[in-house]
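*Asks:* For chain Z, the structure is supplied; the task is to place chain R on it using the hints.
Protein chains: 2
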Amino acid sequence: MPPASSLHRGHPARTTSPPAPVLVLQKYGGSSVADLDRIRACARRCLGVAREGHQLVVIVSAMAGETNRLIALANALVEPGNAGGPSRGPYVAAARRDTAHARELDQLVATGETVSASMLAMAIGDAGGRAVSLAGHQLGMKTDRNFTRARITHIDHERIQHELHEGRVVVCAGFQGIDEAGDVNTLGRGGSDTSAVAFAAAMQADVCEILTDVDGVFTTDPRIVSHARKIDRISYEEMLELSALGAKVLHSRSVELAMKHRIPVHVRSSLHERPGTFIVPEEPSMEDVVVSAVALDRNEAKVTLTAVPDVPGTVAALFQQLGAAGIVVDMIIQNAAHDGHTDVTFTVPEAELARAETLLADIELPEGARPRAILTDPAICKVSVVGVGMRSHAGVAAKTFHLLADEGINIQMVSTSEIKISVVVSERYGELALRCLHDGFGLQHGPARS
Amino acid sequence: MPPASSLHRGHPARTTSPPAPVLVLQKYGGSSVADLDRIRACARRCLGVAREGHQLVVIVSAMAGETNRLIALANALVEPGNAGGPSRGPYVAAARRDTAHARELDQLVATGETVSASMLAMAIGDAGGRAVSLAGHQLGMKTDRNFTRARITHIDHERIQHELHEGRVVVCAGFQGIDEAGDVNTLGRGGSDTSAVAFAAAMQADVCEILTDVDGVFTTDPRIVSHARKIDRISYEEMLELSALGAKVLHSRSVELAMKHRIPVHVRSSLHERPGTFIVPEEPSMEDVVVSAVALDRNEAKVTLTAVPDVPGTVAALFQQLGAAGIVVDMIIQNAAHDGHTDVTFTVPEAELARAETLLADIELPEGARPRAILTDPAICKVSVVGVGMRSHAGVAAKTFHLLADEGINIQMVSTSEIKISVVVSERYGELALRCLHDGFGLQHGPARS
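So the protein sequences, as listed, match chains Z and R. Residue numbers for the first sequence, in numbering that gives the first Met the number 0: 0 to 449. Residue numbers for the second sequence, in numbering that gives the first Met the number 0: 0 to 449.
One should not assume that every hint holds.
[As the list claims (entries may be wrong)] Quick list of simulated restraints, FRET-style, between CB atoms:
1) R:R95 with Z:R43: 24 to 30 Å
2) Z:P79 with R:H444: 52 to 58 Å
3) R:E179 with Z:R43: 32 to 38 Å
4) Z:G80 with R:D97: 43 to 49 Å
5) R:D212 with Z:G325: 55 to 61 Å
6) R:A353 with Z:P79: 44 to 50 Å
7) R:D155 with Z:H260: 35 to 41 Å
8) R:A396 with Z:E165: 55 to 61 Å
9) Z:P79 with R:D97: 41 to 47 Å
10) Z:V328 with R:H271: 51 to 57 Å
[Unchecked claim] Here are the computed lysine to any residue pairs in the SDA-like style, where the Cα-Cα straight-line distance is at most 20 Å:
11) Z:K259 with Z:G189
12) Z:K141 with R:A180
13) R:K141 with Z:G189
Just so you know, the hints here were simulated from the structure itself, not pulled from any lab data. Note that the structure is predicted; figures quoted are calculated from it, not measured. C-beta atoms are modelled at their ideal positions from N, C-alpha and C, and glycine is treated no differently.
This is chain Z alone, in the form it adopts within the complex (with noise of 0.2 Å):
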């Protein structure tokens, strides 16, 4: 059994007596259910919430692999030898265009969660407890039929009040609710997040807990700089920033939707009872921070147009056959014109370059309003400095630009938000960057105050 110190509300408040009983949200990740093995160790973990009398509502992804193998079978189906996958391949490809196929889509890839909520039912029942496994169709949580990408409209907590009510551990599979027309969907991406932090809101739970295979949020990737530091607590902001950034922890539409609710999210390791990193409104002591986290995202690619005719629309155009093509476009330059011409840099994810190159190639543009080429760079990336204190604080952007030019890392774009300086630079001294920033921002040595 974990100490009763095992919990924690993400308040600051802090008290010496025992822990009053209160409701518990924990989500499971597909990792940390990812083996027979790893189930009955979440069962135990269950077990001792529910043994310091707590009322316990767990979130279950999918066991690891699972999600993958499902949609490889849809794939495969329809195109033999073609398992293209988890997010490409020629059924999730028709999925994309209608809606009858998604709608199977996400019948077919629900049954992973249901999978894993009753397996996780099962183990704490064999260990002792009582628990019960909800299902989409079960678990009150009303979409909007988006197949594959569904908005949650509204949540019935009442089956899940009745069944801790009995005193049960409540296993709900994550990723999906039901429409209208009784119809599974899915959440999409980071769904089973969103599913925790929306269940969380919904029953005021006192706790959330997204239990993973990492400690927590890093101020950077520990697996570039080893000497990455867990942060023990962090802002929504800043951690929605992180999750646009690539940091795999917790997917921002969770993010968003607990700073909307303000809801404390603790991120924290299921294989082991050490806090995490609590994610929770800014608190005033946070501003003294100026620089909270660095992050490296290699998954970009830059375009150039040179020589774009400075005629208005022009460049409208261009970004809105890339819109409509469903291409993501991140940072945007576009140098001053001169001579009637202007050159236009942007970056797209790698991976969908070389649809957009021959989207850009393809465009119909009056003559005259074409440009001169269409550069393409696949080897750079995006290095970014993160911290609310940057509201506050001047000098960010310039100490960025020394610790690089000390390295002599040229910066090829620059883009800023309120908290963030991005920098795109070659893809050679992606790694040198983060760490000479890392280091340079003094992150290995806690928190970077001004």
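*Replies:* Below, chain R alone, put in the same frame as chain Z:
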């Protein structure tokens, strides 16, 4: 596209005009959806029916092996290394004792049919048709909350009718329904056949086809008697006897349901378009056929209790003990008492023999009421002769005994019903007995008439 004649209504009436649109119900078993190739073949077959202008409701089993895989997961979860086989194993045993466990097992295994239903709907869509899959909570089958062996209480086919009206093939997950609490219940063995017949009855389907990996019902097992003949039409009662004798083609529960609602059931191959066997209400001409089929059941074992004191209630107490333990006793023979003692011989499933022996040895009986010895013999088998014509034709028993005697086969036990004669013989003579009865009653030549 199959020829217009590929649908057969099972009624004797024939017409030469083109077939009118009808409501067709087809059930595809696990072997028919065992892999992606087979699923695509089923989809083409479904499309053929739809393109003839018929409405089509499909019931599917889980892909062959999937149900066992899921059950093995549950068993291994609670006892590592012990998958325990489909109907045994530690989790299945726990589910027999405990409702919470049984509920989770149903929630888990029902995903098998949900997956195959989605896959078939996907394949139909990919082949250019319109289809929708319905899982347990969508298809309108209400059950009585007897987990793992639920009874159907009611069918609400509003959703199915709506989808048919929209021009879709409706692919339903077999084997499952939901109870009043919204929990998934499975129907137990033969559940998908039962689903199929129940929907055919509720929706007054014009055609109910069970598509499987054999050509129909045979005069006996073609693996043993190579010249066994496919039966064109057989009565419900004969089919019930054959199902009870281990003919795997259709579970007796679904035959009972078909008989109750007088639904003609067409058992046929999913691999070609040739007609199979119609299971229909008894027709006058069937009485002319003395013997329709012969069957061999190797899975029985014999128990003999010698010198049981002829005290009222002793034998009842013994059988009550077995019944309470869920052991089904089949044939029972009690000799007339002499000297105040009697011998009792009966058969039990061979797999239950060891358990039956232990139970009988441990039973508490007053002194002087115990049998002298408990003798067991697993090396026996049961050979049966089935035919509604027996009701009106004497001499079938005599001919049966004569045919066996001619081959030198000793009969150990006999039991009869109105339309069946079963004999127990030594296991090593089982196949010989089957062949000599099959040919002795002339089954290879077409219906054996009086």
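*Asks:* Regarding E179 (chain R) and R43 (chain Z), is the given constraint of 32 to 38 Å on their beta-carbon distance met?
*Replies:* Roughly 33 Å apart at Cβ, these two residues keep to the hinted range, so it holds.
*Asks:* Check the hint pairing K259 (chain Z) with G189 (chain Z) against an upper bound of 20 Å on the C-alpha distance.
*Replies:* 17 Å, holds
*Asks:* Is it true that G80 (chain Z) and D97 (chain R) lie within 43 to 49 Å of each other by Cβ?
*Replies:* Because 45 Å falls inside the window, the suggested range holds.
*Asks:* Given the hint of 51 to 57 Å, check if V328 (chain Z) and H271 (chain R) actually sit that far apart at their C-beta atoms.
*Replies:* 55 Å, holds
*Asks:* If you check the beta carbons of A396 (chain R) and E165 (chain Z), does the distance land in 55 to 61 Å?
*Replies:* 59 Å, holds
*Asks:* Given the hint that K141 (chain R) pairs with G189 (chain Z), does the C-alpha gap stay at or below 20 Å?
*Replies:* Violated, at about 34 Å.
*Asks:* Can you let me know if the beta-carbon spacing of D212 (chain R) and G325 (chain Z) is within 55 to 61 Å?
*Replies:* Since D212 (chain R) and G325 (chain Z) have Cβ atoms about 44 Å apart, the given range 55 to 61 Å is violated.
*Asks:* If you draw a straight line from the CA of K141 (chain Z) to the CA of A180 (chain R), is it 20 Å or shorter?
*Replies:* 18 Å, holds
*Asks:* Holds or violated: the 41 to 47 Å window for the beta-carbon distance between P79 (chain Z) and D97 (chain R)?
*Replies:* 44 Å, holds
*Asks:* Just tell me: holds or violated, for the beta carbon distance of D155 (chain R) and H260 (chain Z) against 35 to 41 Å?
*Replies:* Since D155 (chain R) and H260 (chain Z) have Cβ atoms about 37 Å apart, the given range 35 to 41 Å holds.
*Asks:* For the range 52 to 58 Å, tell me whether the beta carbons of P79 (chain Z) and H444 (chain R) fit it or not.
*Replies:* 45 Å Cβ-Cβ, so the 52 to 58 Å window is violated.
*Asks:* Is the gap between the beta carbons of A353 (chain R) and P79 (chain Z) within 44 to 50 Å?
*Replies:* For A353 (chain R) and P79 (chain Z) the Cβ distance comes to about 47 Å; the hint holds.
Against the hints set out earlier in the document, violations occur for numbers 2, 5 and 13.
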